[in-house]
Amino acid sequence: RTAPQRGYPPAQQALAALAGKVLATGPNGEPPASAESVTLTPAEIEQVKAKKATAAIVMHYTGDGWTDAQIAGLRQEFGALGIRIIAVTDANFEPDKQVSDIETVLARKPDIIVSIPADPVATAGAYKQAAAAGVKLVFMDNVPSGMVAGRDYVSAVSADNVGNGVVAAHLMADALGGRGDIGVVFHEADFQVTRQRLQGFEQTIQRDYPNIHIVDRKGVTGPDFAGQAQAAATAMMVKHQNLAGIWGVWDVPTEGIIAAARAIDRHDLAITTEDLGPNVAIALASNQFVTGLGAQRPFDQGVTEAKLAAYSLIGKQAPPYVALDALPVTHANVLDAWREVYHSDPPAQVTESFVGGRQ
Amino acid sequence: MSDTTLVRPRTTIDWRQYAIYIGFVVVFVLFAIFLGSDGFLTSANLLNIFRQTAIISIMAVAMTFVIAAAQIDLSVGSTAGLSSVVAALAIAGTGNALFGVLAGLGVGLAIGIINGGLVTFLGMPSFLVTLAMLGIAFGLAQFITSSAPQPILNDTFNAIFGGGNLGPIPGLLIWTVVAVAVGAVVLAKTRYGRQVLATGGNRVAAEYSGVNTKRITFTVMLVSSVVASIAGMLYAGRLESGRYQWGTGDELSVIAAVILGGTSLFGGAGSVIGALFGSLLIGLINNGLILAGLDNSQQQIIRGLIIIVAVALARKK
Amino acid sequence: MSDTTLVRPRTTIDWRQYAIYIGFVVVFVLFAIFLGSDGFLTSANLLNIFRQTAIISIMAVAMTFVIAAAQIDLSVGSTAGLSSVVAALAIAGTGNALFGVLAGLGVGLAIGIINGGLVTFLGMPSFLVTLAMLGIAFGLAQFITSSAPQPILNDTFNAIFGGGNLGPIPGLLIWTVVAVAVGAVVLAKTRYGRQVLATGGNRVAAEYSGVNTKRITFTVMLVSSVVASIAGMLYAGRLESGRYQWGTGDELSVIAAVILGGTSLFGGAGSVIGALFGSLLIGLINNGLILAGLDNSQQQIIRGLIIIVAVALARKK
Amino acid sequence: MTGIEKAFAGTPVLRGVDFTLAHGEVHALAGGNGAGKSTLMKILQGVHRPDAGTIRVGGRPVEFGAPADAEAAGIGMVFQEFSLVPTLTVARNVFLNHEPRRFGLIDDRAMVRRAGEILAGMGVDLDPTASLHTLSTGYWQLTEIAKALALDAKVLIMDEPTASLTKSESEALFALIERLKGQGVSIVYISHRMEEIYQICDRITVLRDGGVVLTAALADLTPERIVEAIVGRRMENALEWHERPAPAETGTPVLEVRNLTAANGVTDMSFSLYAGEILGLAGLMGSGRTELAKLVFGIDRPESGEILLRGEPAGITNPRIAIAKGIALVPEDRRRQGLVLEHAVRDNLLLPVLGGLTRGGVVDDKRGDNLAARLIERLQITLSSPKRPVRLLSGGNQQKVVIGKWLGREPDVLILDEPTAGVDIGTKTEIIARIRELADAGKAVIVISSELAELLAVSDRVLVLRRGTVTADLDRRDIADEESLQLAVQGV
Ligand SMILES: Nc1ncnc2c1ncn2[C@@H]1O[C@H](COP(=O)(O)OP(=O)(O)OP(=O)(O)O)[C@@H](O)[C@H]1O
Ligand SMILES: Nc1ncnc2c1ncn2[C@@H]1O[C@H](COP(=O)(O)OP(=O)(O)OP(=O)(O)O)[C@@H](O)[C@H]1O
Ligand SMILES: [Mg+2]
Ligand SMILES: [Mg+2]
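Protein chains in written order, with this note's numbering: chain A, 2 to 360; chain B, 8 to 324; chain C, 8 to 324; chain D, 504 to 995.
Calculated from the structure, these hints are not laboratory results. As the structure is a computational prediction, the values presented were derived from the model and not from experiment. Glycine included, each C-beta is placed from N, C-alpha and C at the ideal position. Among the hints, erroneous ones may be present.
[What the hints assert, rightly or not] What the simulated footprint calls covered on chain A by chain B, stretch by stretch (three residues with Cβ under 8 Å from a Cβ of chain B suffice, anywhere in the stretch; the number is not a length):
1. 98-109
2. 122-136
3. 185-192
4. 312-320
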């Protein structure tokens with residue numbers, strides 16, 4: 002096994018060309034509007050404040066950095082708009098629990114529900130019930146089946162998950178110098194967000210990089226994503242002695258991949274993934290294992306969702322689908338990327354472990 | 008020399024008798040006081056609590072028999088999941104709700120016969136058998152659907168199972184009442200119920216008394232699976248789709264409800280009504296904590312504390 | 008618990024003796040034959056099996072004592088999670104690995120004292136107490152970290168706990184060997200071990216024989232939590248970070264390993280070596296099925312089938 | 504012990520009991536079932552704490568919070584309900600919590616050896632490595648005794664140690680007691696068997712309803728006087744044999760066993776039982792009496808030979824069929840085979856007859872309660888309430904519940920395995936009378952008893968079993984006395 006030499010110009014050009022572009026389209030094929038286009042005038046903000054509205058945030062899950070940043074963004078913007086948050090629920094990825102959560106928060110008669118459906122089919126009934134009760138709905142990432150923007154809900158705001166996959170693919174190609182065998186650790190569930198990432202990654206590899214071969218794919222189902230991913234990655238490396246890289250569908254499974262590579266001394270393994278979690282950020286900063294990732298902008302996404310909710314209160318016409326482009330993150334820009342994604346300084350551990358001087 | 012402090016029969020420890028009811032009332036009153044303004048007491052919300060706990064309550068009725076017979080069934084959750092997808096597929100295939108129901112029940116029967124058979128005739132520990140079955144049923148459900156949800160467009164089915172209401176009363180509430188009523192009478196008032204308790208209390212003595220303990224063990228496992236398959240269809244009807252994840256992790260909630268209700272994990276004692284209130288207590292807490300606007304981590308902490316305190320307080324009485 | 012445990016189906020005793028070892032050998036041989044070409048037999052892979060099962064094995068040692076004493080501990084998984092984040096925070100705060108370890112152990116001690124105290128002195132069922140504690144510890148871990156992972160940059164800590172190797176031997180393997188050796192000797196060869204078995208086998212008889220059954224119950228619960236907190240630090244070391252999800256769902260795997268190993272859920276019997284092989288068997292199956300390239304749903308099905316068949320076959324012997 | 508008082512759940516059990524045990528004496532403690540014997544001794548052993556009264560050991564007042572304290576004070580006890588762990592071996596039970604250790608670790612080999620020595624000292628051949636749950640009551644009893652002996656106690660309490668032993672084990676035990684006495688050990692001996700008490704005891708204390716009604720040296724007491732003290736009224740000797748009109752041993756027997764052989768030890772056994780007959784089974788422990796009962800009742804399966812019921816092959820493959828065909832078994836081991844200890848007395852009594860109580864699928868609790876009440880009445884079962892767990896009953900009262908379960912119905916063939924173990928004289932008479940009643944009503948009865956006197960009192964005919972086969976079939980009238988039967992049993 003020869004250590005791949007990093008750096009592959011075609012990949013770098015592809016990334017440059019991608020900057021600011023959104024590849025995904027809305028749930029009903031709507032073209033994406035940009036987040037920057039969603040704004041409120043001071044007058045409109047006063048109008049909203051006067052409404053003294055309440056909002057409930059109904060999440061599929063609240064256990065990771067991404068949902069945290071989303072909620073932080075929502076809290077900040079709702080605060081600024083004088084909208085009170087009366088409940089934040091966590092369905093622990095269980096659609097039936099989410100249905101219960103919706104029923105329960107409806108008992109508190111919120112004006113707004115910002116939510117990410119854990120399942121587009123199963124939760125539709127409950128969301129329709131909410132819409133019928135006159136609650137303004139704003140969705141993140143994913144929309145319940147059979148609901149129409151403008152009629153049943155205000156708008157859907159999503160990260161460009163396809164784009165994130167594409168970015169990670171180009172970063173992988175760059176790290177492998179355009180050639181080598183790689184493995185894929187994907188999310189074995191019917192979850193649109195993670196499916197789009199997989200699709201973006203694999204299609205890009207197959208389309209743009211004929212010398213890179215996906216030789217093994219293994220799914221993780223949770224709850225122990227890291228543990229499952231470690232077992233999967235280990236098996237891949239045992240079976241394919243010259244495996245050059247592995248893509249992880251988001252940062253938690255990727256931590257398992259890192260542990261696997263570390264455990265069996267594969268320090269030359271190139272790992273790319275999605276989402277800028279602290280641990281993968283540290284890996285990037287310290288130049289270990291992770292060579293790059295595609296990051297969403299969950300905080301901005303939250304802010305945008307809050308603004309769109311405000312639109313509905315004052316009857317302002319909202320775009321049906323808003324998407325935020327994917328942010329390529331490498332060792333070089335990891336600290337800046339953190340500030341951009343979370344609107345806060347990177348944790349000490351990340352800055353400390355940055356090798357090769359401050360930026 | 009007969010004393011007045013009549014402890015009811017089949018008591019292992021007295022607290023079991025009333026703990027759950029006291030705990031339930033205490034928690035309810037507290038919520039009513041502090042969350043009344045947040046819509047806790049609205050009839051809509053109270054019905055929510057029933058709706059949200061119905062499926063667990065129904066499985067808890069059957070689990071009460073299983074545990075009273077000194078067995079355990081960890082496969083109820085994934086049996087529900089498998090039944091939900093099989094029913095959905097059958098409906099999609101035949102367009103006929105009845106076939107869906109039969110297919111779902113078939114799943115329960117098959118799994119129950121396997122669980123019961125292995126435990127009864129090979130003498131394998133029910134913990135292992137049903138744990139293995141948990142994986143098998145879950146895997147099968149995921150495999151045959153390649154983990155995609157199976158929408159159910161048949162309104163009759165969705166109305167009967169979970170979705171519909173009878174006037175103001177949610178269908179799920181009716182399902183619960185029926186299941187609990189039947190279960191309570193059978194366990195407390197029929198020969199079969201007494202034999203279940205005897206089998207769980209002392210299998211050899213029951214055998215010497217002419218109880219067919221193999222039959223008892225087999226039937227409690229069978230019924231548990233069949234009820235779980237009905238629960239699966241209730242999920243399917245309520246969520247208008249079958250999905251392999253329906254019911255994931257329910258086994259723990261169901262067993263918790265049963266134990267909260269005063270049934271001993273070691274068998275020989277059991278209370279169906281207690282199990283219902285165990286299930287309601289958990290649902291009540293979840294509902295109240297969400298209305299209180301706590302986030303998930305805080306909910307988890309407080310739920311745990313409430314359960315401990317409720318049981319401990321009642322224990323003192 | 009009551010004298011009714013005087014009677015237990017004989018079957019729960021016979022098959023246990025060898026089931027797990029036979030099952031283990033059979034599965035291993037099959038995998039060696041069919042997966043040899045996929046690198047199953049490479050020393051790297053065999054070490055992987057140990058590495059991947061180590062944490063479960065270690066918790067299973069302590070759980071063997073808990074179950075042999077006729078108790079149960081559902082809180083081990085989330086105790087591990089809480090200890091991992093507390094240790095990580097302490098290291099981040101003090102920059103000193105030792106403080107991290109002490110903080111982690113402190114978590115185990117605190118939880119163990121609460122669990123043990125409630126079970127022993129309030130006579131609450133350990134199932135409920137530890138189920139409640141599962142939620143509390145999980146919620147706390149999520150709350151104090153606001154569900155963010157806590158990276159650990161201290162190389163000493165990461166090397167000692169899980170990360171490092173001693174020459175070719177993974178540190179986790181050494182942890183396992185030590186835990187199993189100590190556990191096996193204490194259970195089989197010391198008076199404390201006998202007292203645990205007696206307490207679980209017939210509490211009243213143990214009391215009559217001068218055994219302080221309260222002390223036994225308290226200590227098994229305490230040790231279980233402390234060991235779980237060590238397991239949590241092993242997660243932290245292996246994944247170079249503390250996170251509230253570490254250990255989620257481990258309670259079932261741990262209990263399954265113990266039962267597979269021939270310990271009766273009804274207490275009174277227990278085998279630490281058996282529990283180790285129970286844990287290894289599960290890990291072996293997972294490893295083999297992943298190498299075989301099956302997707303998760305197929306793995307689930309086959310794992311279940313293998314467990315049933317392995318136990319059933321051994322049962323016949 | 505002076506002024507000892509104890510109440511359970513408000514029910515007084517001991518009302519100011521004084522009890523003194525002299526150095527090196529064997530002191531009998533007698534009384535009806537539920538009189539408070541075991542409770543009194545459990546207080547001395549530190550299991551229960553007295554509500555009032557003081558305990559002195561060697562003149563010094565002591566407070567026992569737990570059995571460990573009593574053991575430390577040199578007191579050991581053979582518990583009536585046993586203090587054994589079924590999942591452990593005989594040896595591990597014998598040395599439970601006192602295991603011999605080397606370098607801090609348990610020395611199992613030494614333990615097995617010493618357990619073997621103790622058992623040998625009791626004249627018992629029992630494998631110390633046998634797991635207890637595979638053994639029958641007789642062996643549990645012996646293990647329990649060995650366990651107490653292993654303590655080398657200065658004061659030894661024996662609560663009905665011979666209840667499920669046969670004569671030969673009992674004799675060995677008595678010899679041992681003599682030796683211990685010689686070594687200055689003081690012994691409290693609880694028993695319902697008059698002849699034992701006379702054989703080995705120096706003094707006796709009689710309890711009735713939790714109070715002492717008699718304490719005296721045995722030398723100055725007649726058996727009648729003691730019985731009167733126990734039951735509170737004069738009564739004729741229970742174990743008097745009344746010759747009954749011998750049933751016609753012609754025509755087809757109700758039960759016939761031909762060349763029966765089974766894995767449980769029964770080999771080539773043959774006999775027949777006629778309507779209206781009471782057949783006694785005598786034998787040493789392990790002689791296969793219980794095993795025979797288990798075969799007839801369908802618990803165990805025969806390998807060869809046949810069982811005929813009224814001339815027809817019985818075809819009994821499980822207890823349910825046996826019961827349906829009119830056979831009832833009062834099992835030997837009340838704790839393991841007879842009772843659901845956590846369940847109410849009432850529920851235990853009704854368990855076998857629930858079918859008959861069911862109306863429209865639902866059990867008629869009113870009729871059930873009445874039936875239970877009648878049985879409790881007839882058997883003089885002492886309890887605070889039929890709805891309380893049978894576990895809380897005294898040993899003898901528990902045994903009465905087991906018998907009551909089957910007296911509730913009218914079986915054609917009634918098999919009683921050690922039915923009067925632990926039952927007091929008053930009730931023993933009642934039970935024997937009931938057995939005769941059934942026989943007179945044309946029912947066939949098999950009585951297994953290790954108390955030969957009792958066997959001779961009820962039987963019309965006695966089968967002697969040895970190593971699982973019939974070695975003698977004696978008409979009661981041809982048996983001169985207990986000794987001659989004992990010789991037949993031992994096969995000399
Ligand atoms: N733990 C307990 N709780 C409640 N009542 C009890 C308990 N133990 C004993 N009793 C009651 O105390 C009374 C005396 O019981 P004890 O066992 O001392 O009688 P005993 O003289 O030993 O009778 P036997 O000859 O049948 O053994 C009985 O009525 C019994 O029901
Ligand atoms: N030496 C021994 N070691 C271990 N187990 C024994 C031994 N002897 C007998 N047994 C067990 O005890 C049972 C037979 O003894 P048991 O005492 O029940 O016979 P029995 O004829 O009923 O005599 P008794 O009625 O006096 O007990 C058998 O089931 C066997 O399992
Ligand atoms: Mg007694
Ligand atoms: Mg016998």
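Each hint, compared with the structure:
1. 98-109: Holds: 9 residues of the stretch 98-109 of chain A have a Cβ under 8 Å from chain B.
2. 122-136: Since three or more residues must qualify, the claim that chain B covers the stretch 122-136 of chain A holds, with 5 doing so at under 8 Å.
3. 185-192: holds (count 3)
4. 312-320: Violated, because only 0 residues of the stretch 312-320 of chain A bring their Cβ atoms closer than 8 Å to Cβ atoms of chain B.
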